[in-house]
Amino acid sequence: MTIHQSPEAFGYETFLHAHQSKEVLRFIACGSVDDGKSTLIGRLLHDTKQIFDDQVTALQRDSRKHGTQGQEIDLALLVDGLQAEREQGITIDVAYRFFSTETRSFIVADTPGHEQYTRNMATGASTADVAVILVDARQGLTRQTRRHALLVSLLGIKRIALAVNKMDLAGWSQDTFDRIVAGFGEFAAPLGFTEIRAIPLSAKNGDNVVLPGTAAVWYEGGPLLRYLEEVPVKSEERAAAFRLPVQWVNRPNSEFRGFSGLIASGSAAPGDKVVVAPSGKTSTIARIFTADGDLPRASEGQSVTIVLADEVDASRGAVITTADAPLTVTDTLDVRLFWALETELTPGASLWAKIGTVTTNAVVKSIRNRIDPETGKAAPADKLGINDIGEVTLNLDREIAVDPYADNRDTGSLILIDRETTDTAALGLVKASIAVAPKGDEAARKGDTRPGGGFLSRLRWVFGGI
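Sequential numbering of the sequence shown, starting at 1, is according to the UniProt record's numbering.
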(Lines of atoms letter the chains of each structure in order from A and count residues from 1; the text may use other names and numbers.)
(Lines give C-alpha, C1' and ligand atoms only; values in the text may rest on other atoms or scores of the structure.)
Protein backbone atom coordinates (compact mmCIF):
# COMPACT_ATOMS: atom_id res chain seq x y z
CA MET A 1 0.00 0.00 0.00
CA THR A 2 1.40 3.37 -1.00
CA ILE A 3 0.18 6.93 -0.75
CA HIS A 4 0.61 9.10 -3.84
CA GLN A 5 3.60 11.42 -3.89
CA SER A 6 3.67 15.12 -4.55
CA PRO A 7 3.83 15.97 -8.27
CA GLU A 8 6.91 18.10 -7.59
CA ALA A 9 8.79 14.91 -6.68
CA PHE A 10 9.10 13.74 -10.28
CA GLY A 11 7.58 16.35 -12.60
CA TYR A 12 4.04 17.37 -13.48
CA GLU A 13 3.92 15.66 -16.87
CA THR A 14 5.08 12.33 -15.45
CA PHE A 15 2.68 12.75 -12.54
CA LEU A 16 -0.32 13.44 -14.79
CA HIS A 17 0.53 10.61 -17.17
CA ALA A 18 0.88 8.16 -14.28
CA HIS A 19 -2.50 9.12 -12.84
CA GLN A 20 -4.31 9.07 -16.18
CA SER A 21 -3.17 5.51 -16.83
CA LYS A 22 -4.24 4.15 -13.44
CA GLU A 23 -6.89 1.50 -13.08
CA VAL A 24 -10.09 2.84 -11.50
CA LEU A 25 -11.97 0.91 -8.82
CA ARG A 26 -15.56 1.84 -8.05
CA PHE A 27 -16.88 0.74 -4.68
CA ILE A 28 -19.73 1.50 -2.33
CA ALA A 29 -19.94 1.78 1.42
CA CYS A 30 -23.21 0.51 2.85
CA GLY A 31 -24.70 -0.78 6.09
CA SER A 32 -27.10 0.22 8.83
CA VAL A 33 -27.56 3.72 10.18
CA ASP A 34 -24.71 4.81 12.48
CA ASP A 35 -22.40 1.97 11.42
CA GLY A 36 -19.86 4.63 10.38
CA LYS A 37 -19.97 4.69 6.57
CA SER A 38 -19.38 8.41 6.19
CA THR A 39 -16.69 8.41 8.87
CA LEU A 40 -14.90 5.56 7.11
CA ILE A 41 -14.85 7.42 3.79
CA GLY A 42 -13.74 10.58 5.54
CA ARG A 43 -10.91 8.62 7.13
CA LEU A 44 -9.84 7.26 3.72
CA LEU A 45 -9.76 10.80 2.31
CA HIS A 46 -7.95 12.23 5.33
CA ASP A 47 -5.29 9.57 5.71
CA THR A 48 -4.51 9.39 1.97
CA LYS A 49 -3.81 13.16 2.06
CA GLN A 50 -6.70 14.11 -0.20
CA ILE A 51 -7.84 17.08 1.91
CA PHE A 52 -6.48 20.60 1.47
CA ASP A 53 -5.66 22.89 4.39
CA ASP A 54 -8.68 25.13 3.77
CA GLN A 55 -10.91 22.04 3.79
CA VAL A 56 -9.46 21.00 7.14
CA THR A 57 -10.17 24.47 8.52
CA ALA A 58 -13.77 24.33 7.26
CA LEU A 59 -14.12 20.82 8.66
CA GLN A 60 -12.97 21.95 12.08
CA ARG A 61 -15.53 24.77 12.01
CA ASP A 62 -18.34 22.47 10.83
CA SER A 63 -17.41 19.86 13.43
CA ARG A 64 -18.00 22.36 16.22
CA LYS A 65 -21.41 23.18 14.76
CA HIS A 66 -22.69 19.84 13.46
CA GLY A 67 -20.20 17.23 14.66
CA THR A 68 -20.80 14.32 16.99
CA GLN A 69 -17.22 13.84 18.22
CA GLY A 70 -17.01 16.52 20.89
CA GLN A 71 -13.96 18.69 20.32
CA GLU A 72 -12.50 16.32 17.74
CA ILE A 73 -12.88 16.55 13.96
CA ASP A 74 -15.95 14.71 12.67
CA LEU A 75 -14.72 13.12 9.44
CA ALA A 76 -18.26 12.13 8.45
CA LEU A 77 -18.94 15.76 7.55
CA LEU A 78 -16.56 15.43 4.61
CA VAL A 79 -19.21 13.26 2.95
CA ASP A 80 -22.52 14.28 4.55
CA GLY A 81 -23.00 17.53 2.67
CA LEU A 82 -26.78 18.01 2.86
CA GLN A 83 -28.08 20.20 5.67
CA ALA A 84 -30.61 17.50 6.60
CA GLU A 85 -27.84 14.91 6.78
CA ARG A 86 -25.80 17.04 9.15
CA GLU A 87 -28.75 17.88 11.35
CA GLN A 88 -29.87 14.24 11.64
CA GLY A 89 -26.45 12.61 11.49
CA ILE A 90 -27.52 10.27 8.69
CA THR A 91 -26.84 9.78 4.99
CA ILE A 92 -29.82 10.52 2.73
CA ASP A 93 -28.50 10.94 -0.79
CA VAL A 94 -25.70 9.04 -2.54
CA ALA A 95 -22.44 10.96 -2.11
CA TYR A 96 -19.56 10.25 -4.49
CA ARG A 97 -15.96 10.97 -3.55
CA PHE A 98 -12.74 10.53 -5.46
CA PHE A 99 -9.27 9.73 -4.17
CA SER A 100 -6.09 8.18 -5.46
CA THR A 101 -2.97 6.31 -4.40
CA GLU A 102 0.08 5.37 -6.44
CA THR A 103 -1.60 2.06 -7.24
CA ARG A 104 -5.15 3.02 -8.19
CA SER A 105 -7.76 5.72 -8.44
CA PHE A 106 -11.03 5.23 -6.57
CA ILE A 107 -14.62 6.38 -6.89
CA VAL A 108 -16.54 5.64 -3.71
CA ALA A 109 -20.28 5.99 -3.16
CA ASP A 110 -21.51 6.61 0.38
CA THR A 111 -25.01 5.10 0.29
CA PRO A 112 -27.90 5.60 2.73
CA GLY A 113 -28.54 3.13 5.54
CA HIS A 114 -32.19 4.00 6.12
CA GLU A 115 -34.68 1.57 4.59
CA GLN A 116 -36.69 4.45 3.09
CA TYR A 117 -33.67 5.38 0.94
CA THR A 118 -33.10 1.88 -0.44
CA ARG A 119 -33.58 3.15 -4.01
CA ASN A 120 -30.66 5.57 -3.48
CA MET A 121 -28.51 2.69 -2.28
CA ALA A 122 -29.37 0.67 -5.40
CA THR A 123 -28.30 3.63 -7.56
CA GLY A 124 -24.86 3.73 -5.96
CA ALA A 125 -24.41 -0.03 -6.21
CA SER A 126 -25.38 -0.27 -9.86
CA THR A 127 -21.95 0.89 -11.07
CA ALA A 128 -19.74 -0.53 -8.30
CA ASP A 129 -17.17 -3.30 -8.60
CA VAL A 130 -16.82 -3.93 -4.85
CA ALA A 131 -19.05 -3.37 -1.83
CA VAL A 132 -17.75 -2.40 1.60
CA ILE A 133 -20.46 -3.50 4.03
CA LEU A 134 -20.03 -2.00 7.48
CA VAL A 135 -21.16 -3.64 10.69
CA ASP A 136 -21.10 -2.00 14.13
CA ALA A 137 -19.18 -4.46 16.30
CA ARG A 138 -21.48 -3.68 19.24
CA GLN A 139 -24.70 -4.26 17.29
CA GLY A 140 -23.68 -7.18 15.10
CA LEU A 141 -25.63 -8.09 11.97
CA THR A 142 -28.85 -6.12 11.52
CA ARG A 143 -31.83 -6.22 9.21
CA GLN A 144 -30.24 -3.59 6.99
CA THR A 145 -26.95 -5.51 6.87
CA ARG A 146 -28.75 -8.49 5.39
CA ARG A 147 -30.87 -6.27 3.14
CA HIS A 148 -27.83 -4.52 1.67
CA ALA A 149 -25.94 -7.79 1.20
CA LEU A 150 -28.84 -9.15 -0.81
CA LEU A 151 -29.21 -5.95 -2.84
CA VAL A 152 -25.55 -5.84 -3.88
CA SER A 153 -25.75 -9.50 -4.88
CA LEU A 154 -28.83 -8.78 -7.01
CA LEU A 155 -26.94 -5.95 -8.69
CA GLY A 156 -24.10 -8.25 -9.65
CA ILE A 157 -21.38 -7.26 -7.17
CA LYS A 158 -19.25 -10.32 -6.45
CA ARG A 159 -16.63 -9.11 -3.97
CA ILE A 160 -17.37 -7.92 -0.44
CA ALA A 161 -15.21 -6.27 2.19
CA LEU A 162 -16.95 -6.90 5.52
CA ALA A 163 -15.73 -3.96 7.61
CA VAL A 164 -16.43 -4.69 11.28
CA ASN A 165 -16.27 -1.11 12.58
CA LYS A 166 -16.05 0.40 16.08
CA MET A 167 -13.92 -2.49 17.28
CA ASP A 168 -12.32 -0.07 19.75
CA LEU A 169 -15.70 0.22 21.49
CA ALA A 170 -15.93 -3.59 21.62
CA GLY A 171 -12.52 -3.94 23.23
CA TRP A 172 -11.04 -5.39 20.03
CA SER A 173 -12.62 -8.68 20.99
CA GLN A 174 -11.69 -11.50 18.63
CA ASP A 175 -14.73 -13.50 19.75
CA THR A 176 -17.03 -10.64 18.76
CA PHE A 177 -15.34 -10.31 15.38
CA ASP A 178 -15.42 -14.07 14.69
CA ARG A 179 -19.10 -14.28 15.64
CA ILE A 180 -20.05 -11.49 13.22
CA VAL A 181 -17.97 -12.95 10.40
CA ALA A 182 -19.45 -16.43 10.88
CA GLY A 183 -23.01 -15.08 10.94
CA PHE A 184 -22.50 -13.03 7.79
CA GLY A 185 -20.88 -15.97 6.01
CA GLU A 186 -23.84 -18.20 6.82
CA PHE A 187 -26.35 -15.63 5.52
CA ALA A 188 -24.31 -14.82 2.39
CA ALA A 189 -23.57 -18.43 1.41
CA PRO A 190 -26.41 -18.67 -1.16
CA LEU A 191 -25.81 -15.20 -2.61
CA GLY A 192 -22.97 -16.23 -4.87
CA PHE A 193 -20.21 -13.87 -3.73
CA THR A 194 -16.76 -14.64 -5.11
CA GLU A 195 -14.97 -13.30 -2.03
CA ILE A 196 -15.79 -11.96 1.42
CA ARG A 197 -12.83 -10.26 3.12
CA ALA A 198 -13.46 -9.48 6.79
CA ILE A 199 -11.48 -6.65 8.38
CA PRO A 200 -11.69 -5.41 12.01
CA LEU A 201 -11.25 -1.65 12.15
CA SER A 202 -12.01 1.67 13.79
CA ALA A 203 -12.95 4.38 11.31
CA LYS A 204 -12.85 7.03 14.03
CA ASN A 205 -9.30 6.23 15.15
CA GLY A 206 -8.01 5.02 11.77
CA ASP A 207 -6.96 1.51 12.83
CA ASN A 208 -6.84 -0.85 9.82
CA VAL A 209 -8.39 1.70 7.45
CA VAL A 210 -5.37 3.16 5.61
CA LEU A 211 -2.63 2.12 8.01
CA PRO A 212 -2.35 -1.16 9.94
CA GLY A 213 -3.69 -1.10 13.49
CA THR A 214 -1.81 -2.42 16.50
CA ALA A 215 -4.68 -3.07 18.89
CA ALA A 216 -5.91 -6.29 17.27
CA VAL A 217 -2.80 -8.39 17.75
CA TRP A 218 -4.76 -11.47 16.65
CA TYR A 219 -5.54 -10.03 13.19
CA GLU A 220 -2.97 -11.01 10.58
CA GLY A 221 -4.51 -9.37 7.50
CA GLY A 222 -3.92 -5.93 6.04
CA PRO A 223 -5.93 -2.69 6.28
CA LEU A 224 -8.95 -1.92 4.14
CA LEU A 225 -7.05 0.31 1.69
CA ARG A 226 -4.61 -2.46 0.86
CA TYR A 227 -7.50 -4.74 -0.02
CA LEU A 228 -9.03 -2.05 -2.23
CA GLU A 229 -5.69 -1.56 -3.98
CA GLU A 230 -5.21 -5.28 -4.64
CA VAL A 231 -8.72 -6.64 -5.28
CA PRO A 232 -9.15 -7.74 -8.91
CA VAL A 233 -11.46 -5.54 -10.96
CA LYS A 234 -13.77 -7.59 -13.19
CA SER A 235 -11.03 -10.20 -13.56
CA GLU A 236 -13.34 -13.12 -12.93
CA GLU A 237 -16.20 -11.90 -15.09
CA ARG A 238 -16.61 -13.34 -18.55
CA ALA A 239 -14.72 -11.20 -21.04
CA ALA A 240 -17.45 -8.87 -22.27
CA ALA A 241 -18.03 -8.68 -26.03
CA PHE A 242 -17.50 -5.45 -27.93
CA ARG A 243 -20.43 -3.05 -27.59
CA LEU A 244 -20.60 0.52 -28.92
CA PRO A 245 -23.98 2.26 -28.46
CA VAL A 246 -24.17 4.90 -31.20
CA GLN A 247 -24.68 8.39 -29.81
CA TRP A 248 -24.58 10.28 -33.09
CA VAL A 249 -23.60 9.92 -36.74
CA ASN A 250 -20.47 11.95 -37.43
CA ARG A 251 -20.71 13.30 -40.99
CA PRO A 252 -18.77 16.58 -41.32
CA ASN A 253 -18.63 16.29 -45.12
CA SER A 254 -19.58 13.98 -47.96
CA GLU A 255 -16.26 12.14 -47.70
CA PHE A 256 -16.57 11.03 -44.09
CA ARG A 257 -19.25 9.05 -42.25
CA GLY A 258 -18.65 7.51 -38.87
CA PHE A 259 -20.56 6.33 -35.82
CA SER A 260 -19.57 8.00 -32.56
CA GLY A 261 -20.03 6.77 -29.02
CA LEU A 262 -18.49 5.51 -25.80
CA ILE A 263 -17.36 1.89 -25.89
CA ALA A 264 -19.42 0.12 -23.23
CA SER A 265 -17.41 -3.11 -23.16
CA GLY A 266 -14.81 -5.14 -24.96
CA SER A 267 -12.39 -3.94 -27.61
CA ALA A 268 -12.17 -3.78 -31.39
CA ALA A 269 -9.65 -3.10 -34.11
CA PRO A 270 -9.74 -2.26 -37.82
CA GLY A 271 -10.54 -5.38 -39.79
CA ASP A 272 -12.92 -6.82 -37.18
CA LYS A 273 -16.27 -8.04 -38.45
CA VAL A 274 -19.21 -6.35 -36.73
CA VAL A 275 -23.00 -6.33 -36.71
CA VAL A 276 -25.12 -3.18 -36.40
CA ALA A 277 -28.15 -3.88 -34.22
CA PRO A 278 -31.11 -3.88 -34.37
CA SER A 279 -30.97 -3.88 -38.19
CA GLY A 280 -28.65 -6.90 -38.30
CA LYS A 281 -26.50 -5.41 -41.07
CA THR A 282 -22.93 -6.70 -41.15
CA SER A 283 -19.72 -4.91 -42.07
CA THR A 284 -16.05 -4.56 -41.18
CA ILE A 285 -14.34 -1.81 -39.19
CA ALA A 286 -12.28 0.30 -41.60
CA ARG A 287 -11.00 2.94 -39.12
CA ILE A 288 -11.24 3.84 -35.47
CA PHE A 289 -10.99 7.61 -35.37
CA THR A 290 -10.40 9.97 -32.43
CA ALA A 291 -9.48 13.62 -32.02
CA ASP A 292 -5.86 12.51 -31.59
CA GLY A 293 -5.82 10.39 -34.72
CA ASP A 294 -6.55 6.79 -35.67
CA LEU A 295 -6.21 3.98 -33.15
CA PRO A 296 -4.93 0.45 -33.84
CA ARG A 297 -7.36 -0.81 -31.17
CA ALA A 298 -9.99 0.78 -28.94
CA SER A 299 -11.26 -0.55 -25.62
CA GLU A 300 -13.95 -0.09 -22.99
CA GLY A 301 -14.26 3.47 -21.72
CA GLN A 302 -12.88 5.19 -24.82
CA SER A 303 -14.94 7.65 -26.88
CA VAL A 304 -14.35 6.94 -30.56
CA THR A 305 -15.79 7.26 -34.04
CA ILE A 306 -15.95 4.01 -35.98
CA VAL A 307 -15.88 4.08 -39.76
CA LEU A 308 -17.29 0.98 -41.44
CA ALA A 309 -16.20 -0.47 -44.76
CA ASP A 310 -19.78 -0.55 -46.05
CA GLU A 311 -22.61 1.96 -46.22
CA VAL A 312 -24.81 0.87 -43.33
CA ASP A 313 -27.99 2.64 -42.27
CA ALA A 314 -27.66 3.38 -38.56
CA SER A 315 -28.48 6.24 -36.24
CA ARG A 316 -28.57 7.11 -32.54
CA GLY A 317 -29.78 4.08 -30.61
CA ALA A 318 -28.08 1.49 -32.77
CA VAL A 319 -25.38 -0.71 -31.22
CA ILE A 320 -22.26 -1.84 -33.05
CA THR A 321 -21.21 -5.25 -31.76
CA THR A 322 -18.79 -8.01 -32.60
CA ALA A 323 -20.14 -10.43 -35.18
CA ASP A 324 -19.45 -13.56 -33.11
CA ALA A 325 -21.41 -12.33 -30.08
CA PRO A 326 -24.44 -10.34 -31.29
CA LEU A 327 -27.06 -8.89 -28.99
CA THR A 328 -30.65 -10.06 -28.83
CA VAL A 329 -33.10 -7.89 -30.77
CA THR A 330 -36.47 -7.69 -29.06
CA ASP A 331 -39.49 -5.60 -28.16
CA THR A 332 -40.33 -7.63 -25.02
CA LEU A 333 -38.20 -7.74 -21.89
CA ASP A 334 -38.31 -9.66 -18.63
CA VAL A 335 -36.69 -7.32 -16.11
CA ARG A 336 -36.00 -7.04 -12.43
CA LEU A 337 -37.22 -3.62 -11.31
CA PHE A 338 -36.19 -1.53 -8.30
CA TRP A 339 -39.27 0.70 -8.05
CA ALA A 340 -38.54 4.23 -6.80
CA LEU A 341 -41.81 6.20 -6.91
CA GLU A 342 -44.42 6.57 -4.20
CA THR A 343 -47.07 5.88 -6.84
CA GLU A 344 -47.65 2.15 -7.15
CA LEU A 345 -46.73 0.34 -10.35
CA THR A 346 -49.53 -1.77 -11.84
CA PRO A 347 -50.00 -3.68 -15.11
CA GLY A 348 -50.87 -1.40 -18.02
CA ALA A 349 -48.71 1.48 -16.75
CA SER A 350 -47.04 3.43 -19.55
CA LEU A 351 -43.57 4.88 -19.02
CA TRP A 352 -40.50 5.89 -20.97
CA ALA A 353 -37.66 3.38 -20.99
CA LYS A 354 -34.10 4.58 -21.51
CA ILE A 355 -31.75 1.77 -22.55
CA GLY A 356 -28.29 2.96 -23.51
CA THR A 357 -28.80 5.67 -26.13
CA VAL A 358 -32.38 4.60 -26.87
CA THR A 359 -35.49 6.16 -25.33
CA THR A 360 -38.71 4.36 -26.12
CA ASN A 361 -42.23 3.83 -24.79
CA ALA A 362 -42.73 0.90 -22.43
CA VAL A 363 -45.96 -0.65 -21.18
CA VAL A 364 -46.04 -2.97 -18.17
CA LYS A 365 -47.47 -6.21 -19.54
CA SER A 366 -47.40 -8.07 -16.22
CA ILE A 367 -45.96 -8.08 -12.71
CA ARG A 368 -45.01 -11.64 -11.86
CA ASN A 369 -43.75 -11.35 -8.30
CA ARG A 370 -42.22 -9.25 -5.58
CA ILE A 371 -38.88 -10.18 -3.99
CA ASP A 372 -38.39 -9.97 -0.24
CA PRO A 373 -35.30 -7.72 0.11
CA GLU A 374 -34.13 -9.57 3.22
CA THR A 375 -34.56 -13.19 2.20
CA GLY A 376 -34.47 -13.03 -1.60
CA LYS A 377 -37.62 -15.16 -1.83
CA ALA A 378 -40.21 -14.27 -4.46
CA ALA A 379 -43.96 -14.13 -3.84
CA PRO A 380 -46.75 -13.51 -6.39
CA ALA A 381 -47.73 -9.84 -6.68
CA ASP A 382 -49.83 -7.63 -8.91
CA LYS A 383 -48.29 -4.27 -7.99
CA LEU A 384 -45.07 -2.72 -6.69
CA GLY A 385 -44.71 0.05 -4.11
CA ILE A 386 -41.84 2.39 -3.32
CA ASN A 387 -38.53 0.54 -2.74
CA ASP A 388 -40.08 -2.76 -3.86
CA ILE A 389 -38.12 -5.16 -6.03
CA GLY A 390 -40.11 -7.17 -8.53
CA GLU A 391 -39.97 -9.15 -11.74
CA VAL A 392 -41.87 -7.47 -14.56
CA THR A 393 -42.50 -8.00 -18.26
CA LEU A 394 -42.32 -4.89 -20.45
CA ASN A 395 -43.62 -4.38 -23.97
CA LEU A 396 -41.71 -1.76 -25.98
CA ASP A 397 -42.95 0.15 -29.01
CA ARG A 398 -39.77 -0.52 -30.97
CA GLU A 399 -37.19 -3.25 -31.33
CA ILE A 400 -34.00 -2.74 -29.34
CA ALA A 401 -30.73 -4.62 -28.88
CA VAL A 402 -29.94 -5.86 -25.36
CA ASP A 403 -27.85 -8.30 -23.33
CA PRO A 404 -28.82 -9.98 -20.07
CA TYR A 405 -27.50 -7.93 -17.16
CA ALA A 406 -25.41 -10.92 -16.06
CA ASP A 407 -23.41 -10.62 -19.29
CA ASN A 408 -23.17 -6.85 -19.63
CA ARG A 409 -24.22 -4.15 -17.19
CA ASP A 410 -24.33 -1.38 -19.78
CA THR A 411 -26.43 -3.09 -22.45
CA GLY A 412 -28.42 -5.07 -19.89
CA SER A 413 -29.75 -2.26 -17.71
CA LEU A 414 -32.35 0.45 -18.13
CA ILE A 415 -34.24 3.15 -16.29
CA LEU A 416 -37.96 3.83 -16.41
CA ILE A 417 -39.09 7.46 -16.45
CA ASP A 418 -42.46 8.84 -15.39
CA ARG A 419 -44.03 10.39 -18.47
CA GLU A 420 -45.68 13.30 -16.61
CA THR A 421 -43.02 14.34 -14.10
CA THR A 422 -39.92 12.98 -15.93
CA ASP A 423 -38.78 11.59 -12.55
CA THR A 424 -36.76 8.38 -12.58
CA ALA A 425 -39.30 5.70 -11.71
CA ALA A 426 -37.21 2.53 -11.61
CA LEU A 427 -33.89 0.88 -12.23
CA GLY A 428 -34.27 -2.23 -14.36
CA LEU A 429 -31.99 -5.22 -14.97
CA VAL A 430 -32.65 -7.38 -18.01
CA LYS A 431 -33.15 -10.98 -16.92
CA ALA A 432 -34.26 -12.44 -20.25
CA SER A 433 -35.36 -11.19 -23.62
CA ILE A 434 -37.80 -12.66 -26.11
CA ALA A 435 -36.26 -12.48 -29.55
CA VAL A 436 -38.32 -10.99 -32.34
CA ALA A 437 -39.56 -13.65 -34.71
CA PRO A 438 -39.12 -13.42 -38.47
CA LYS A 439 -41.64 -11.17 -40.12
CA GLY A 440 -44.75 -13.06 -41.12
CA ASP A 441 -44.99 -15.21 -38.01
CA GLU A 442 -47.46 -13.06 -36.13
CA ALA A 443 -48.07 -15.56 -33.30
CA ALA A 444 -44.42 -15.49 -32.32
CA ARG A 445 -44.10 -11.72 -32.74
CA LYS A 446 -46.94 -11.25 -30.26
CA GLY A 447 -44.96 -13.06 -27.59
CA ASP A 448 -45.87 -16.75 -27.89
CA THR A 449 -43.72 -18.22 -25.13
CA ARG A 450 -44.99 -21.79 -25.30
CA PRO A 451 -42.30 -24.50 -25.24
CA GLY A 452 -41.31 -25.48 -28.76
CA GLY A 453 -42.47 -22.17 -30.27
CA GLY A 454 -39.15 -22.06 -32.11
CA PHE A 455 -38.64 -18.31 -32.18
CA LEU A 456 -37.63 -17.52 -28.61
CA SER A 457 -34.08 -16.60 -27.84
CA ARG A 458 -32.35 -18.72 -25.25
CA LEU A 459 -33.49 -17.58 -21.81
CA ARG A 460 -30.35 -16.42 -20.09
CA TRP A 461 -31.18 -15.82 -16.45
CA VAL A 462 -29.25 -13.62 -14.11
CA PHE A 463 -29.06 -14.11 -10.34
CA GLY A 464 -29.69 -17.85 -10.55
CA GLY A 465 -33.45 -17.49 -10.90
CA ILE A 466 -34.01 -15.94 -7.47
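Since the hints were derived computationally from the structure, they do not count as laboratory data. Beta carbons: idealized from backbone N, C-alpha and C, even for Gly. Take these hints with a grain of salt, some might be off.
Unchecked claim - With a straight-line Cα cutoff of 25 Å, these simulated BS3-like cross-link-like pairs (lysine-lysine) come out:
hint, residue 1, residue 2
1, K377, K281
2, K377, K365
3, K158, K365
As the list claims (entries may be wrong) - Quick list of the computed label-pair ranges, beta carbon to beta carbon:
hint, residue 1, residue 2, range
4, D34, A323, 48 to 58 Å
5, E255, T284, 13 to 23 Å
6, P347, E102, 20 to 30 Å
7, E102, G221, 17 to 27 Å
Evaluation of the provided hints:
1. A hinted pair counts as satisfied when its Cα atoms are at most 25 Å apart, and K377 with K281 does not qualify at roughly 42 Å.
2. For a cut-off of 25 Å, the pair hint linking K377 to K365 stands: about 22 Å separates their Cα positions.
3. Of the supplied pair hints, the one linking K158 and K365 is violated, its CA atoms being roughly 31 Å apart against a limit of 25 Å.
4. At roughly 53 Å, the beta-carbon separation of D34 and A323 lies within the given 48 to 58 Å, and the hint holds.
5. Distance hint for E255 and T284: a CB-CB separation of about 19 Å, consistent with the stated range 13 to 23 Å.
6. Distance hint for P347 and E102: a CB-CB separation of about 54 Å, inconsistent with the stated range 20 to 30 Å.
7. Checked against the hint of 17 to 27 Å, the C-beta distance between E102 and G221 comes to roughly 21 Å, which is consistent with it.
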